[in-house]
Amino acid sequence: MPAKAVITAPVPTVQETAREMGVAKARVRQLRQLMTDIVEGRVGRVVRFVTRTAPAGPKRRAVARRRVARRKQAARS
Amino acid sequence: MGRASRRRRAGRRRRLPINTAFVNVPYDPDYERLFIALIAGLSGFGLIPHATLEIPGSERRLNRILGLLRRCRYSFHDLSRVELDATPPETPRFNMPFELGLAVALRQRLRRRHKWFVLEAKAHRLSKSLSDLGGTDELLHGGTPRGVLRALTNALARSRHRPTVAELEQIYADLMTAAGAIKKSLGTDSLYSARPFKELVVAARISARQRIASLGPRPRRR
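Protein chains in written order, with my numbering: chain A, 1 to 77; chain B, 1 to 222.
One chain only, chain B, in its complex shape:
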């Protein structure tokens, strides 16, 4: 293959979106408030959250996860619920650490621009449960929505505008109300499926643009 045609092919390669974030969290009802806080916080920072639950299940789960990870610039992995499952036989949940491993490998081997973050509820637990990540500073949220928002403001910064925790809390409060309305409107009692999640992300973007003035449309210059 000639150099020119190779260059043409490279030029045709799709550019990866730079404002997408992969969210790797436990899909359990107790975590729902933190899940909403994570969506609110990421939207407040101008990112579009993605999760494995938004892709239809015909494809193999691992392929879905890899595909999504590759498409996202940032990834957030919450390891606060890596605990023994109550239903027999008692087993720990390995999904979240496994997906974190995929993100680490992605950064090392495939795409150096991918940035990953680990969220935890308790300090020093990560160094005990996953000592391979020694020297990694986890983002502590203490199991509260405000903690999640605070952790995000510690991890992210915008070059033009830095939303405060108070601003992100307003988006979170809006989203809590919207989540109830969306669930009722779709006749579901869980946010952990494709359609409620997608609508919640759009609702978060609308709220962010209404609540944070600098995220809204810029006035046209004359």
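So here's chain A without its partners, still in its complex pose:
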């Protein structure tokens, strides 16, 4: 067993790590948000990561409503 291994390889980026582990981009985005909240000490937001299935906020609701309206319009035409 060698005494000490010197690592010369460049540090992989988050995207490279995610690709190697097979984690989806959307999930990486969520994990990045979670870790930023943990590092910055915003514990309340960590709870939001866990309860992701909670009803959408006003912004997401508005986006969803617009998407449905657009789909209906496309179906009519």
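Hints listed in this document are in silico derivations from the structure and should not be mistaken for laboratory results. Take these hints with a grain of salt, some might be off.
Okay, derived cross-link-like pairs now, DMTMM-like style, lysine to aspartate or glutamate, Cα gap no bigger than 20 Å in a straight line [as the list claims (entries may be wrong)]:
hint, chain 1, residue 1, chain 2, residue 2
1, B, K122, B, E32
2, B, K183, B, E54
3, B, K183, B, D30
4, A, K25, B, E54
5, B, K184, A, D37
6, B, K183, A, E16
7, A, K4, B, D137
Given the structure of chain A, go ahead and fit chain B onto it with the hints provided.
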């Protein structure tokens, strides 16, 4: 087969990743803190940890282990839990020493660049339990997360940046919080399955890049 075509075939061979580490540890709840420490430490050193639990179970277990070992540049084998199992009939856990044997054989026969390390909780126990490894210096962790991080800083070094134990402890603390959130979010109470493990590795990389400045993205030169 001509020499040119042989050379072409050799050129086509996939290059092995040089920043991957195989983690051979007991998958038991008592070991979870040390498992997280190992992931935090390896990520702090810029390595991507791999374990047998990340591959789906359709393939034969031994083939999975061999395949992963071959793909990894480093391997870490924790023999601190090679003890008698409480459930009858009482048997010792041979998996970890067996996988260590595979890594040793891999280094000797197949790939000389593979480097393996043995982790232990107690001093001199390895020379008693596995005397074939006489003359091998085990990495002692004393059964604590800080001990694991200290052992990693003794075993590894980076050519540009050497993370300190304090820096690795910050990643570990972040990861402990993240582990709880990931487990709740995936509706599981164990980290020892494919998805929580993979997400934990990605979370560790994010934390490492945020906590250790030199691991973060380099500013562009003008």
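Hints breached by this structure: Going through the list in order, the structure violates hint 6 alone and respects the others.
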